[in-house]
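*Asks:* Use the sequences and the hints to build the structure in full.
Here are the chains, one letter per residue:
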Amino acid sequence: RKEVEQDPGPFNVPEGATVAFNCTYSNSASQSFFWYRQDCRKEPKLLMSVYSSGNEDGRFTAQLNRASQYISLLIRDSKLSDSATYLCVVERGYQLIWGAGTKLIIKP
Amino acid sequence: ETGVTQSPTHLIKTRGQQVTLRCSSQSGHNTVSWYQQALGQGPQFIFQYYREEENGRGNFPPRFSGLQFPNYSSELNVNALELDDSALYLCASSLVPVGGINTGELFFGEGSRLTVL
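Order-wise, the sequence lines are chains A and B. Going by our numbering, the letters in the first sequence line up with residues 1 to 108, in that order. Going by our numbering, the letters in the second sequence line up with residues 1 to 117, in that order.
Treat the hints as calculated values from the structure; they're not laboratory data. Note that the structure is predicted; figures quoted are calculated from it, not measured. Cβ atoms here follow ideal geometry from the backbone N, Cα and C, with glycine treated the same way. There could be a bad hint or two in this list.
[As the list claims (entries may be wrong)] Residues on chain B that point at chain A, a partial pick, calculated with CB under 7 Å: (1) Gln48; (2) Ile101; (3) Glu110.
*Replies:* The following block contains the structure:
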C-alpha cells in the first residue's frame with residue numbers, strides 16, 4: 001500500500017460543477033498537509049495548506065480528518081482554468097510524501 | 001515566477017554516463033530539496049540540503065549525490081546512469097527545512113528533463 005493514496009482519475013467534469021478529491025495517508029505522526037496543483041509539463045505549485053479545522057480559499061475548501069487519516073479538497077463552480085493535476089502531499093519528518101495525483105479535466 | 005531556476009532544462013544521456021543538474025534557490029531561502037518525478041507519478045524525495053548540509057535523504061542509491069553552496073544554490077549529481085533514471089528532476093527551495101508542523105511552502109523550479117538512452 002502506498003503511503004499517500006489518491007483517487008486515480010482522470011475526472012472529467014463540466015464547467016460549473018463541484019468536484020471533490022480524496023486522499024488517504026498511512027503515517028499517523030504526520031503534522032503538515034498540503035494540496036499542490038501541477039499543470040501539464042510544469043512544476044507543482046502550492047494550492048492550499050490543510051489545517052485540522054478545515055480551511056477555505058475562495059472556491060476551494062480543504063478538510064483534514066486525523067482520526068481517519070483522510071484529506072479532501074473540494075472545488076466549487078469549477079472553471080476551465082482549474083484543469084490540472086492535483087497532488088496530495090503529507091509531511092513525514094524531513095520529507096514530503098506525494099500522492100500520484102488526480103488529473104482534472106473541465107469541459108466547456 | 002518562483003525565482004527558482006534550474007539548468008539544463010532538457011538533456012539526453014546514455015547509460016553509464018554521469019550528469020550534473022543545477023539549481024538556484026529563491027532569494028532568502030536557505031533550504032533546497034530535490035525530487036524525481038516519473039511520468040504519471042508524484043514527485044519522489046531525493047534529499048534536502050539546509051545551510052550546506054544534507055539533512056534528509058529519500059530512498060535513492062548513493063550514486064545520487066548533491067551539494068549546496070554558500071549562496072544556497074545546489075547541484076544534483078547522478079553517476080552510472082540507468083534507463084530508469086529518465087524523469088523530470090525538480091528542485092525546490094523553502095524558507096525553512098521540511099519537518100513537522102512548521103513545514104512551509106516549497107517553491108519549485110521548472111525542472112530538468114533527463115532522458116537516458
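*Asks:* Have a go at the isoleucine 101 of chain B hint: is there a Cβ in chain A nearer than 7 Å to its own Cβ?
*Replies:* The hint holds - isoleucine 101 of chain B has a Cβ within 7 Å of chain A, the shortest such distance being about 4 Å.
*Asks:* Does glutamine 48 of chain B pass the interface check with chain A, least Cβ-Cβ distance below 7 Å?
*Replies:* holds (6 Å)
*Asks:* Checking hints one by one. Is glutamate 110 of chain B an interface residue toward chain A, by the C-beta closer than 7 Å rule?
*Replies:* Given a least distance of 5 Å, the restraint on glutamate 110 of chain B holds.
The structure meets every hint from the earlier list without exception.
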